[in-house]
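Participant: Here is what each chain is made of, one letter per residue.
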Amino acid sequence: MSVEHNAVPLPGRRGGTTAPGTQGARAAPALPAYDPARKYWIFIAPATILVGTVIVFPWIFTLWMSAHEWNVTGDHAFVALANYKKLLTDQRFLESMWRTFWFTLLATLIPIVLGVWAALVFHREFPFRGILRTVFVMPMMATPVAIALVWTMMFHPQLGVLNYLLSLVGIPPFAWVYDPATVIPTLVLVEVWHWTPLVMLIVLGGLAGLPTDPYEAALIDGASSWQMFRYITWPLILPYVMIALVIRTIDSLKVFDTIAVISQGGPGTASETLNYFLYLQAFQFYNLGYASAVVVIFFVIIIALSLLLLYARQRTKWTD
Amino acid sequence: MTQHRPSRRRILKTGAAAGLISTLPAPFVARFALGQSKFDWKRFKGEKIDVLLVKNPRSELMQTAEKEFADLTGITVSSEQVPEQQQRQKAMIEFSSGKPTFDVAHLSMHVQKRLSEKGNWLEDLRPMLADGSMTTPDLDFNDFGKAGLDFCTAADGKQNAMPTFVDYWILYYNKELFEQKGVAYPTSMDEVYTAAQKLTDISKGVYGFVSRGLKNANVPVWTSWLLGQGVETVSKDGKLLTDTPEAIWAGEQYKRLNREFAPPGTVGFNWNECQTSFATGRAAMWLDGIGFATPLEDPTKSKVVGKVGYGVVPKGPKAQHSAIFGDGLGIARSSARKGAAWYYIQYITNKQNQLNILKNGAGSPARNSSFANEEVVRSSKFGKQWFDCVLESAKVGRPGLPVIIPVTEFRDVFGVALTNMISGADPAAELKKATETFKPVLEKSEQG
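As given, the protein sequences belong to chains A and B, one line each in that order. Start counting the first sequence at 7; every next residue gets the next number (the working numbering). Start counting the second sequence at 53; every next residue gets the next number (the working numbering).
Just so you know, these hints were derived from the structure itself, not from any lab. If a hint is listed, it holds; no wrong ones were tucked in.
List time: in silico EDC-like cross-link candidates among lysine to aspartate or glutamate, alpha-carbon distance up to 16 Å:
| # | chain 1 | residue 1 | chain 2 | residue 2 |
| --- | --- | --- | --- | --- |
| 1 | B | K496 | A | E75 |
| 2 | B | K485 | A | D96 |
| 3 | A | K91 | A | E75 |
| 4 | B | K288 | B | D208 |
| 5 | B | K436 | B | E426 |
| 6 | B | K250 | B | E312 |
All chains, full assembly: derive it from the sequences and hints.
Facilitator: Right, dumping it as structure tokens:
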């Protein structure tokens with residue numbers, strides 16, 4: 007048995023049959039050659055084909071389209087980097103890019119602050135905590151389009167419930183999404199309401215796994231609540247906060263449904279983010295080459311920001 | 053099925069007939085068809101056609117009529133309703149592929165007319181209209197109103213579709229508010245402004261006028277005022293007339309009405325917000341399409357039931373027109389079942405089905421006879437004034453959007469300009485900027 011085992015070649019080595027002349031001397035023939043390195047491709051192939059067709063090919067195709075004047079109704083002419091050059095001088099594109107960053111900043115940081123605060127509150131023991139936690143996470147369960155439709159009705163300047171509530175306390179009606187100056191903060195309000203629970207859940211998960219020893223030591227040393235949060239809790243939950251930050255940043259950059267339903271990028275172009283600009287170019291104006299160039303730039307922005315945040319997360323990891 | 057090989061003589065005769073027909077407008081060929089009588093509804097029995105519709109109440113009625121059509125013809129219809137924006141995208145992509153999955157498509161001709169012509173999407177219906185064995189004697193082509201037919205007829209005379217619906221823009225007004233303030237219905241566009249001024253009573257939350265402010269949706273409001281100058285946004289030779297003194301005047305009219313007398317937030321209003329303002333009695337006048345009588349006269353949705361006046365758009369400085377928009381049903385050029393598809397279109401656009409649109413409050417049909425039906429007029433909850441308004445608007449109807457390929461981009465670019473005007477921007481500067489932005493888009497669209 008052991009002799010036969012020895013006849014099996016090591017992975018990566020070629021051949022494997024016994025030397026000429028020795029075959030006749032053995033009672034049983036050696037096992038056929040087995041080269042695991044050659045067989046692995048069978049297992050990798052399905053995933054490779056899937057990734058290739060679903061991810062790699064569309065990306066290469068998008069890059070190729072972005073180098074063409076690609077109109078659904080006409081011919082496709084190669085224009086090299088002309089679409090990218092045009093984007094650099096397209097005022098509407100540039101404005102939408104800065105608007106996207108502004109929206110992302112607000113729609114990321116506010117839920118993070120509120121979500122961390124909510125997690126700290128719900129981490130404590132108090133009556134009806136379970137029910138209140140459920141109520142708090144409910145907005146997250148609803149679909150964005152349904153939520154956007156409800157908010158649209160509430161934002162109506164004359165008939166919306168929000169202005170009615172303001173009128174009860176003597177505050178004049180507010181324009182909400184019907185004013186270029188207030189549309190972005192109002193849309194951020196919807197995002198905050200919708201996604202703060204997600205941040206809370208992530209951070210709450212982190213809080214549940216924190217060790218108790220440092221707190222006991224801090225109490226013995228006479229540390230205040232703030233000091234315990236600042237020097238123990240915050241550093242320990244920071245990796246979780248960073249995860250929430252990455253998720254929220256990517257989601258905020260990509261936001262489409264809320265804007266499409268509530269403001270349609272308006273008034274004028276006041277709430278037109280990169281994603282909405284992209285939608286208009288691709289599916290309303292059918293400028294597919296130009297839209298592909300926007301996709302490429304958008305992708306680069308998302309990758310760059312994600313890498314930056316992931317790097318920051320690595321830096322905040324717990325160390326011994 | 054037996055297939056006969058066509059003889060050379062037959063091919064020559066058919067070719068000559070088709071050549072002759074292609075030079076004639078559809079009304080002539082339809083009249084020619086009436087002289088023949090070999091039409092058989094069962095001719096395409098057993099065939100199955102696919103139909104792409106837009107989601108709206110009219111399509112619901114079309115789908116309801118499918119069973120009756122199948123019983124009559126033996127043709128099976130498989131139709132789907134897709135929301136308007138997505139349906140246009142689907143039609144665009146499928147037609148451009150050269151092999152659409154549907155035989156018949158509903159098209160919004162005010163947006164897709166030029167696109168469908170340039171892309172050669174649709175089958176010219178004239179040969180079938182001229183063929184007595186293909187066209188029912190009951191078709192009565194001349195019963196279709198001119199406005200609807202214009203949308204479905206190409207510049208070279210091709211009958212690319214059959215009209216199903218025509219939307220006329222009118223001025224809704226609240227009779228009660230007008231009476232309270234002693235204001236008469238405006239007879240000119242300038243009087244719309246003075247009437248709005250008198251009717252606005254902010255202390256009571258009543259505004260004199262409301263119209264769309266949301267970009268893209270707001271363009272027909274501006275073009276409605278522009279038609280009062282007797283001009284459209286694009287000339288017949290394809291030049292933009294959007295920064296002319298007439299266009300600027302229309303921009304001023306748009307700005308002053310929406311800025312001074314419209315409810316707060318009008319800058320983001322689409323038709324639904326306007327409808328809400330008018331239906332709750334908070335707006336005295338509303339300029340929009342004629343299809344909103346149904347919700348306005350519905351006690352569960354409106355507080356102004358029985359108080360709504362329906363007026364033709366008042367005359368402008370040089371002309372009086374109602375901006376019109378129209379839909380049609382066309383046959384995909386690549387369809388292998390054109391005969392069955394044509395039978396479907398004939399049936400769906402027949403007098404009874406067109407009348408059903410009116411009876412069900414689903415909009416204004418394309419056939420004139422629908423409005424002449426006294427029983428429907430009598431039993432309608434809209435009142436005689438609505439019917440009169442449709443007929444009068446039809447007489448002065450003129451396209452509310454330019455017949456160009458990039459209609460959506462046109463609406464977007466000029467929509468932004470109009471929105472900026474409500475926020476206080478100068479109409480002349482905004483229209484100049486928008487015209488400069490859109491000019492290369494328009495020029496490029498007709499190339500290639």
